[in-house]
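**Student:** Residue strings, one per chain:
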Amino acid sequence: MDMNPAADRPGTFDELIDQVRAQLLPVLWSKWGVEVGGDICCEVEEYAWENRDRLLGMSNVLGYLYRVSQSKARRYTRWSKRTTFPSRFPDVVHEDPQLHDMLELLSALSPDQRTCVLLVHGFGWAYNDVAGLLGMKRSDVNNHIHRGMARLRADRIDDPLLATRTTQSQNKENIR
Amino acid sequence: MNTIDEQDQEIKATLRRAAGHLARRGSEYLEHPVTEQPFVQVRGARGRRLLVGTAAAATLCVTALAGSFIGGTSSGKVDVAKAAWSAVPSAPSAEQVKKVQLECGLTTDIIAQLEDSPPASIPSYMLEPALIDVRGTTITAVYFTWRYAFACMQFADGSVQVKNIPMMNPGEDAWKTPSVVEVVREDMTATMIVGFLPPNISDSNPNSTGESDKIIESQWEAHVEGPGVEKTQASINKTMGRFVSWIPAVGTYDIAFTLAREFPEQSEKRIIRVDPATRDKNVWTATPVTTVPVPPNG
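Read top to bottom, the protein sequences are chains A and B.
Numbered per this note's numbering, the first sequence spans residues 1 to 176.
Numbered per this note's numbering, the second sequence spans residues 1 to 298.
Worth flagging that the hints you see were computed from the coordinates, not collected in a lab.
C-beta: ideal position from N, C-alpha, C; glycine also.
Treat the hints loosely; a few may be bogus.
One side only, chain A facing chain B, incomplete, derived with CB under 8 angstroms [what the hints assert, rightly or not]:
(1) Gln98
(2) Leu118
(3) Gly122
(4) Arg156
Covered stretches of chain B (in silico footprint by chain A; criterion: 3 or more residues with CB under 8 angstroms from a CB of chain A, positions within the stretch not fixed) [to be verified]:
(5) 6-18
(6) 24-32
Could you put together the complete structure from these sequences and hints?
**Tutor:** See below:
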């Protein structure tokens, strides 16, 4: 994922939409979940169409549209106060229990931690790319990932089955 | 590797699957075409950090692929590169097949979307890989739908890259037009070729009734040849009459189909050439250059 804003500045509206779907959409999925993230993306695309002339001249248009998406996201949380990244994933619970557990653990992270962890370790983005799009310092991204991963590790160990496995692994290490 | 490293590797592998799951579900929700799953690129400082805790094979693979190893030069990187690619595919283990199937995550819904058909119409055999190609530490699973080959490459670092490759309709001349795509990673560019073997009906014995002469399983073998590239044996599904192969380079390559028979003079060799200059978007078209029978030794 190369997101050098200068190199990747879209020339046409179609290119901008391609970039939104390839680069901004994974951010919105990670932060808000598939459904709300998808809905917000549609609203961002609508905004992009209405303001296309202005946006196409920007140097970091995706970063700007990310801020727009945060404004658009407010109405999904303001009144209902619901967690938009779902905490239950019945579609994968039998199909892939490990994936189901991971999605549940991710839902317990803060939105920024979840976004950074998923973008870097899930979607394969570089720290600088994440920082550029989210408008954070690289050190902030590093902190979010560090804390997110620490929490994922800790929560997994809290699971009695995983804890047993971890202990067994540790025993093997000790024997060696 | 200590326990935290083990945990992290497991967590990161699951995070990659979680990202793939979100991308698939997200594309389905927005009714966008699901073309490629996200994949992890190992590069730069992050790549080097990632490699610190990984197994030696993965380390060797990623660092070596950036180097030159085509044609077996005598640099120290050759042995390392062999960890990632080999000219001759090895037999897949049941564990490897299961693992790559799980990582690919191909579902009826994805095929249905790809083929623009209702999920109920997707036969179960399409969810099983028709070809498994194991070269060094890279495993490729190829699934065939009616119009596409769904190729899923898993690299030594655990990352997965998926390609939807449009295929010719099966037919007498389908072998002349394999589908060729570029596989681009930060650390290498490869050429993947998926195609049909030539027709497998033999007429070698003019006195036979014809029934006994029909070869149920294709007897053709396929190799990829080209300048600076070791002769690469393709993985073949004899029942379906299809093959897959990949080379860690991009260029003009000949695909040689050989049919060995009891009498050498009856053996056949057919060659087609694929050229990046004739590429159409992501898929190249092949140009047959030689289709005349020649003895394999000729």
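**Student:** Of the numbered hints stated earlier in the document, which are not met by this structure?
**Tutor:** When the structure is compared with the hints, none of them turns out to be violated.
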